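Student: Going down the list, the sequences are from chains R and C. What the first sequence shows, in my numbering, is residues 1 to 113, in sequence order. What the second sequence shows, in my numbering, is residues 1001 to 1117, in sequence order.
I should point out that these hints are in silico values taken from the structure, not numbers from a laboratory. Do not take every clue at face value.
Here are the simulated DSSO-like pairs of lysine-lysine, each with C-alpha atoms no more than 27 Å apart in a straight line [claimed, not checked]:
(1) LYS1065(C) - LYS42(R)
(2) LYS1007(C) - LYS42(R)
(3) LYS42(R) - LYS68(R)
(4) LYS100(R) - LYS1065(C)
(5) LYS100(R) - LYS71(R)
(6) LYS57(R) - LYS100(R)
(7) LYS71(R) - LYS22(R)
(8) LYS42(R) - LYS58(R)
(9) LYS58(R) - LYS71(R)
(10) LYS1007(C) - LYS37(R)
(11) LYS100(R) - LYS58(R)
(12) LYS100(R) - LYS37(R)
(13) LYS100(R) - LYS1007(C)
(14) LYS112(R) - LYS22(R)
Because the structure is a prediction, the values reported are computed rather than measured.
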Amino acid sequence: GENVEQHPSTLSVQEGDSAVIKCTYSDSASNYFPWYKQELGKRPQLIIDIRSNVGEKKDQRIAVTLNKTAKHFSLHITETQPEDSAVYFCAARQWAAGNKLTFGGGTRVLVKP
Amino acid sequence: SAVISQKPSRDICQRGTSLTIQCQVDSQVTMMFWYRQQPGQSLTLIATANQGSEATYESGFVIDKFPISRPNLTFSTLTVSNMSPEDSSIYLCSVVGLTSGSWDEQFFGPGTRLTVL
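Same shape as in the complex, but just chain R (with noise of 0.2 Å):
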């Protein structure tokens, strides 16, 4: 089955800096990839996404990359803020394997003013 690692699971980063994590998969066959952002007691809340036929995909501050070769994705977030602390995660998905989402570990991030 799918595996994603996720680095790094704590960081810290001054306020205006940029901030970027890391997953590798596993699955070639993987063609999905979500990133959800968990605030302390809430839901996991969808981000931003990108699906294997696209390299780059960006909404204001935030943006993702994918290497398909490399098996690897990021996640970047730009001009940090004190609402960007959060748990980070990563996701990826086959739809031919049941449309299931294997999650990474997450990443803590903290924001500091």
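Guided by the hints, dock chain C onto chain R, whose structure is given.
Tutor: Relative to the frame of chain R, chain C by itself:
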């Protein structure tokens, strides 16, 4: 946007008892899943809830412990049976196919925080 709700939001239960968690979506969805999130951990898929048939369980999860129902396209239940303290966790339902999102985006309910004493 569509609403995913879960009941109860939290519960404290005695070991050996069972708890049924409900997930209700205010529009029809194509797929429903149940996840477990232990404190400070990532999300682990328990099973896919199949409408009108038996759920599909992931490795390490069995129907006797986690019976699931999905009688229609907007509702599912997860029962945690014969509970032990190790079952203390957050249980989340998740859906695919909301009309408010892309056809394959996956969204989560608010979760049920379960504590077993």
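Student: Now look at each hint and say whether the structure bears it out.
Tutor: Cross-check of the supplied hints:
Between LYS1065(C) and LYS42(R) the alpha-carbon distance is near 26 Å, which keeps this suggested pair within the 27 Å criterion. A hinted pair counts as satisfied when its Cα atoms are at most 27 Å apart, and LYS1007(C) with LYS42(R) qualifies at roughly 15 Å. Our distance criterion of 27 Å between C-alpha atoms is broken by LYS42(R) and LYS68(R), whose separation comes to about 32 Å. Between LYS100(R) and LYS1065(C) the CA atoms are separated by roughly 21 Å; this keeps the pair inside 27 Å, and the hint holds.
At most 27 Å may separate the alpha-carbon atoms for a hinted pair to count; LYS100(R) and LYS71(R) meet this at roughly 18 Å. A hinted pair counts as satisfied when its Cα atoms are at most 27 Å apart, and LYS57(R) with LYS100(R) qualifies at roughly 22 Å. This hinted pair checks out: LYS71(R) and LYS22(R) have alpha carbons roughly 11 Å apart, not beyond 27 Å. The hinted pair formed by LYS42(R) and LYS58(R) meets the criterion: a straight-line CA distance of about 24 Å does not exceed 27 Å.
The suggested pairing of LYS58(R) with LYS71(R) holds, with an alpha-carbon distance near 19 Å, which does not exceed 27 Å. For the hint pairing LYS1007(C) with LYS37(R), the CA-to-CA distance comes to about 23 Å; that is within 27 Å, so the pair holds. In summary, the hint linking LYS100(R) to LYS58(R) is supported, as the alpha carbons are separated by about 24 Å, within the 27 Å threshold. For the suggested pair LYS100(R) and LYS37(R), the alpha carbons sit about 18 Å apart, so the restraint of at most 27 Å is met.
Taking the CA atoms of LYS100(R) and LYS1007(C), the gap is near 24 Å; set against the 27 Å cutoff, the hint holds. The straight-line distance between the Cα atoms of LYS112(R) and LYS22(R) is roughly 21 Å, inside the 27 Å bound, and the hint therefore holds.
Checked against the numbered hints above, the structure breaks only hint 3 and satisfies the rest.
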